Amino acid sequence: MTVRERIRQNISAAFYRHGLLCASYPVPIILFTSASILTCCYPLLKLPLPGTGPVEFTTGVRDYSTPSHESQGDLSERPDWYRGPPVAYIQQVLVKAAVSPWDNSLVPVDVFRSPLGRVFSVLEEIRNHVYTDRSLEALCLQVTDLLPGLRRMQAVLPEHGCLLVSPGNYWQNRRDLFDADPDLLKTVHQHEPKGLHTSATLKDLLFGVPGKQTGVNLYSKKRVVTYTITIALSSYDARFVASLRARLKQLHPSANCTLREDHMVHVHFKEEIGIAELIPLVTTYIILFAYIYFSTRKIDMVKSKWGLALAAVVTVLSSLLMSVGLCTLFGLTPTLNGGEIFPYLVVVIGLENVLVLTKSVVSTPVDLEVKLRIAQGLSNESWSIMKNMATELCIILIGYFTFVPAIQEFCLFAVVGLVSDFFLQMFFFTTVLSIDIRRMELADLNRRLPAEAGMPPPKPGPLRPRETPPPPRPSPHTITLQAPAFRNLRLPKRLRVVYFLARTRLAQRIIMVGTVIWIGILVYTDPAGLRTFLAAQVSEQSPLGEAGLPPHLGVAPVFPGGDPTSTLSGLPAPEPTPLPENQSQGHRAAHPEVAPVSSPQITWGPEDEELWRRLSFRHWPSLFSYYNITLAKRYISILPVIPVTLHLSPQEAIDTRHPQDTHHAPPPSIKTSDLQTDLTLYKVAALGLFAGVVLVLLLFCLYRVLCPRNYGQNGVPHGRRRRGDLPCDEYGYSPPISEISPLLLRGHSMDIECLASDGMLLASCCLVGHIRVWDAQTGDCLTVIPNNGLRRSSSSGCWEHRDGWDHISACEAENIFPIRRRTTPARPALFGDQPDLTPLIDTNFGLSPPSQALSSSGFDFGGLVEKAYQEHEPSPTLAFPPSPPASQQRRRSLGDQPVLPPELPPQNNGDWDSSVWAMELRGNLIATGRSSGKLELWDAVEGSLRCSNEDGVSGITALAFLNNRIVAARLNGSLDFFTVEITKPLGLLQYRGPPGRGSLPPSPCYSSEDVISCQLTRSVQCAHQKPITVLKAAAGRVVTGSQDHTVRVYRLEDSCCLFTLQGHSGGITAIYIDQTMVLASGGQDGTICVWDVLTGSRVSHVYGHRGDVTSLVCTTSCIISSGLDDLICIWDRSTGIKLYSIQQEVGCGASLGVISESLLVTGGQGCVSFWDLNYGDLLQTVYLGQSSEGQSVRQLLVLDNAAIVCDFGSELSLVYVPSVLEKLD
Amino acid sequence: MVEVSALSSGALMRRGPYISMITNRTMNLLIRAAMLFMVGVFLALVLNLLQVQRNVTLFPPDVLSSVFSSAWWVPPCCGTAAALIGLLYPCMDRRLGEPHKLKREWSNVMRCVAVFVGINHASAKVDFANNVQLSLTLAALSVGLWWTFDRSRSGFGLGVVIAILATLATQLLVYNGVFQYTSPDFLYIRSWLPCIFFAGVITVGNIGRQLALYEYKVNQEKTHQD
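Top to bottom, those sequences are chains L and H.
Counting from 1, position 776 in the first sequence corresponds to residue 776 in UniProt numbering; the numbering is continuous, with no gaps.
Counting from 1, position 46 in the second sequence corresponds to residue 46 in UniProt numbering; the numbering is continuous, with no gaps.
Any given hint might turn out to be false.
Derived DEER-like restraints, expressed as beta-carbon distance ranges [as the list claims (entries may be wrong)]:
1) L:K359 x H:L96: 26 to 36 Å
2) L:L317 x H:A34: 30 to 40 Å
3) L:S24 x H:T80: 51 to 61 Å
4) H:T80 x L:V1099: 37 to 47 Å
5) L:V684 x H:V132: 45 to 55 Å
6) L:G84 x H:V132: 25 to 35 Å
7) L:T144 x H:L96: 51 to 61 Å
8) H:W73 x L:L506: 32 to 42 Å
9) H:L96 x L:D80: 49 to 59 Å
10) L:I517 x H:R104: 29 to 39 Å
11) L:I7 x H:L29: 42 to 52 Å
Computed list of lysine-lysine pairs in DSSO-like fashion (alpha-carbon distance at most 30 Å, straight line) [what the hints assert, rightly or not]:
12) L:K303 x L:K371
13) H:K125 x L:K633
14) L:K212 x L:K683
15) L:K683 x L:K186
16) H:K125 x L:K270
17) L:K212 x L:K222
A few chain H residues that face chain L, going by a derived Cβ cut-off under 10 Å, partial list only [stated by the list, open to error]:
18) L43
19) V46
20) E105
21) W106
22) S107
23) N108
24) V109
25) M110
26) R111
27) V113
28) A129
29) Q133
30) L134
31) A140
32) L141
33) W147
Hints were generated in silico from the structure; no laboratory data involved.
Since the structure is predicted, the reported quantities are computational estimates derived from the model, not experimental observations.
Don't be surprised by glycine CBs; every beta carbon is placed ideally from N, CA and C.
Take these sequences, add in the hints, and give me the full structure.
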């Protein structure tokens, strides 16, 4: 055990050092690895490309002897397969026959009837040829039955005898049947397969020449019929063949025939891959891809998932290549079929190590340095990696000792592959991983936000930032618009299908891939067939004709000058009457009287030498396969052809005519075979085209049916917008342009901090401390309550003026003092009066320490703003000399308030400096809680301070205003209950109806004499141990959530604590309670709890988000939560099962609102999105402004009249949603 | 294979509307059985083709007929057997109370299937000196497959029992003349049949367990939420 421990420690240490090395010098290591990969792959260049085409080897005829089975080392140029006797020797007798001279009395059938008829005599000659005591019967390849599946060919192909095929087989080699055949063409074509065919057909087999060259058709221009008699010999007898050749030449001399006859070609056939073999192969590849897919899918928590997956695949592939290359280098040539064993090699080598490494590295502590993380991750997994490696090597070693050659070879490859894979994992992949991790950390540094799924669960900090300033990124949406958003959406099914098709472009890709595969199969399995087809097409069209064909590569291009047998040029003539031999080459006895009719010429050129090359390369294999003889991995030897020239006289042609030939010969309706094949080709093409058009039409109809919404049309106007303007568009489609135009309420100079509404009025407070009251219906600004603190703090009187103008509208009329009116300058001047506060806006949140900018207690920009004002001071002071009396006046005006607590003046000093942290609006009373702990009640219409309470000193973090009670939560964890008492309650609660701008009633519902007092009824000192973060009140209950992980429920009437709810493991960040006593709470741990307020029991508890839960809303059926992970989750309220979730952009999803039972509104980057809750369907996105950079909606209020209010930087946005409501109802 | 996995992942991905279907026990059982049946049929066809290739010469007259060259009832039988075995394995795991712990991931299952096809491939393509060598090699490979992807005693036992039973059943069928081997070499077939059966049982069991994992997960989630 100790040895094992020691080994383990050593391995771990070595891996640690190695990880450090890799992470420290990523670029040199990657360069080194690439170089070694290339070096190891270099020997692969020598390997022949895989293919199934036949290989040729040419030897001379004269000194030919059957190769022995043993390999002969001295003849290095001999291929490996050239051992042992061939399957057969192929002797072809190439017959060219023509009726000459041609005269006009002949009918087209005569072109081939009599020449074909001569095949029987030539056959007879061959069969009866005897040299010494050997006949053809003794030498030829004896065949037995045809394969059982070929019954229909039984009449045509020979059985139980010599394998000797010729066109005569069509008529069972019987002259009488031939003569009795009324339609030769029909006989020939009845065996032809229908449709486009590229491999060997029966016609090719019997004629032995490509179909086009036979000349057996009615429209042949050359009127020369070409065919071969193919003899398969089982053993080679040189003398017999020579005598046969001499005999045939003597009988049918060929003029000017210069065919070479000194070379025989050996053709080796490789193993064929038929479709039957392709299916298992394709299956294994599909399994392989599934394996790779499922493996790489597990790579998670990294910067670029695809990059790492690619790196993993590259690792495996290049290790395979390296193994093959290394094996080749050391002289081990692969004999296995690479394509077949490849998937198994990949599976053996596997992607596991790569995944284990990634997982281990990303699970190391994030705060470590990248180097250390890599090293630690490596050393953590070192033992298991080494163990697995050893196990696999053992298994492969066992496989090696099976002593089956194929398995041994596989094992050898696998061992080398494993070792090189290990090398690559250690060097290449680890380095790539370190680069990736570093990139991720850089990105994190820039963003301060957890990258989506990129960070381990956040450590419980003091408080999460309530608002996350959007970082300046060039294209924010490209990162977050991910596929998961689609998957999570609960769209209608048809839309999902369409989206899926549209997103993946499935149809196009399938069609493309299918085409490529089809072409690939065609070329791969039948290259020669296709080539002949193409060559035939080309040669027909090229003016050069057959001479235009390039010489075949397999033949030595040197053309032997003179062969004694072929130099004598017998004039082509009917055999009994040999013509004089002094005709020059290319000229035949052309009789002058037939000059107008082109006479057939029989020429012999080099292209006739090896006419079999023009056949499909599967010609021979298919011929032999009919007799169950395979040519795979074997070879045949093709002997030089014996040329035979036949000239027939017209009289002979007429004599052999069948009586019916003249009947139907001329009609043009008879289609030739050429035309037929061409027509089939065209038919296929036309059908394909038609099918394509129909398919397109069908798809179009489907699209129209399935996708009635016209995304395309609506997208057009959006095309003009920058793409950055569509941040909330989840689909990649442009959303329909909203007919909703948001109403922008401008007036605040700084970002809006607090927002409160009671349906009719709307109060907002900005960072400077200005409170504005708006009419929620019309968007008019009713009142402005300035931040008094500024004036208080400034020593000069100029601030008086600044404050003076703030009372616009009629409320001013009530409280004006003559002096102030005098000092109030015109509005435009006042705007100039404002210092420029924009430099104060610190957008670089990433650099500031979190405790400052993102403190839990909210933003306190008071100090900064004040400083700016002081710096700004000199210029206004010149314009407005200080006027102390005004200051006095203002102070007095405050003192004039009827119900001022007596202690107000002395305490005012500290109060004005504080900022507003919480605000509530009920009736026309605004309650504000300040950071100094002061609670103020303002008259919303008059803008006057009604009362204030300074019982507490700790800042008020949250306020609840219900009925006539105010609950204030303070920073120190205490909870204060206040009671508001008004002498005329009617005035408080019945002030309804929007006051017109110019028609402010001189005396509102309650006069300034009304006594409004705010008394602290009870103070719960230690409500929570830590600051209270959330405070909500409804249905007579007050619920508080705090940093101390608990939620408390109080009764509003008697401030009695009913329950302390424990269940979260982090601070509470969001609480929802409504009239139906449903309480939901969300915490920093990402959990959401639903409680029963009556009993205090926990109804459900779900783990919802990766970061904090930022906001919670409930409808009667579901709970909607949004979290720091920018996910909006919709949960079933009763069961707590997650229905679906919506992935939002970074920084989008902090604000939520529910307009009706099925309409959800979320704030985004400069826009507000409406969602259908039932389906998770994005209904509309409303853009708040033209330019939306960096402005995100942080607060969102839903008003009673189906309007929503949200903050938008320094503006408020009022959005009415009538159209959406109509759609839903 | 791919459509099966896509089906399974697809059906399980969209939780919302299908949640009841997945959690519903009989429905879940049916879905799993159908998937396993398809896997079995597919594997039977493909592997049969592999074996056919060995015995038929080049260029079978028409490929499609060779795909279905064996008796028509063989693929359905294989499918049914696959469904039974695939359901039996998780059930047995639950009964014995020793849940399968080893790397329960789809990528692993894919690897297992690939190795299984590879064993078949080897038995069809590689020329062995004699039948004993073939048997030994295949047995070693099968046991290796079990060790790599299963490692449970129950899996091994069930695999051996089913392999023996299946071999016996095949022999009986052959003796009664219902079914014929394509190869005249009788010993050759008999030497690889049990090993192939064993490897197949392990593979199908692996798939079945992986499929059952989803039901297990969903149920666990549900109880956790309750």
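We went through each hint and held it up to the structure:
no. : hint                        : verdict
1   : L:K359 x H:L96: 26 to 36 Å  : holds (30 Å)
2   : L:L317 x H:A34: 30 to 40 Å  : holds (36 Å)
3   : L:S24 x H:T80: 51 to 61 Å   : holds (59 Å)
4   : H:T80 x L:V1099: 37 to 47 Å : holds (46 Å)
5   : L:V684 x H:V132: 45 to 55 Å : holds (54 Å)
6   : L:G84 x H:V132: 25 to 35 Å  : holds (29 Å)
7   : L:T144 x H:L96: 51 to 61 Å  : holds (59 Å)
8   : H:W73 x L:L506: 32 to 42 Å  : holds (36 Å)
9   : H:L96 x L:D80: 49 to 59 Å   : holds (56 Å)
10  : L:I517 x H:R104: 29 to 39 Å : holds (34 Å)
11  : L:I7 x H:L29: 42 to 52 Å    : holds (48 Å)
12  : L:K303 x L:K371             : holds (16 Å)
13  : H:K125 x L:K633             : holds (14 Å)
14  : L:K212 x L:K683             : holds (19 Å)
15  : L:K683 x L:K186             : holds (21 Å)
16  : H:K125 x L:K270             : holds (15 Å)
17  : L:K212 x L:K222             : holds (12 Å)
18  : L43                         : holds (9 Å)
19  : V46                         : holds (5 Å)
20  : E105                        : holds (7 Å)
21  : W106                        : holds (4 Å)
22  : S107                        : holds (4 Å)
23  : N108                        : holds (8 Å)
24  : V109                        : holds (8 Å)
25  : M110                        : holds (4 Å)
26  : R111                        : holds (5 Å)
27  : V113                        : holds (5 Å)
28  : A129                        : holds (7 Å)
29  : Q133                        : holds (7 Å)
30  : L134                        : holds (8 Å)
31  : A140                        : holds (7 Å)
32  : L141                        : holds (8 Å)
33  : W147                        : holds (9 Å)
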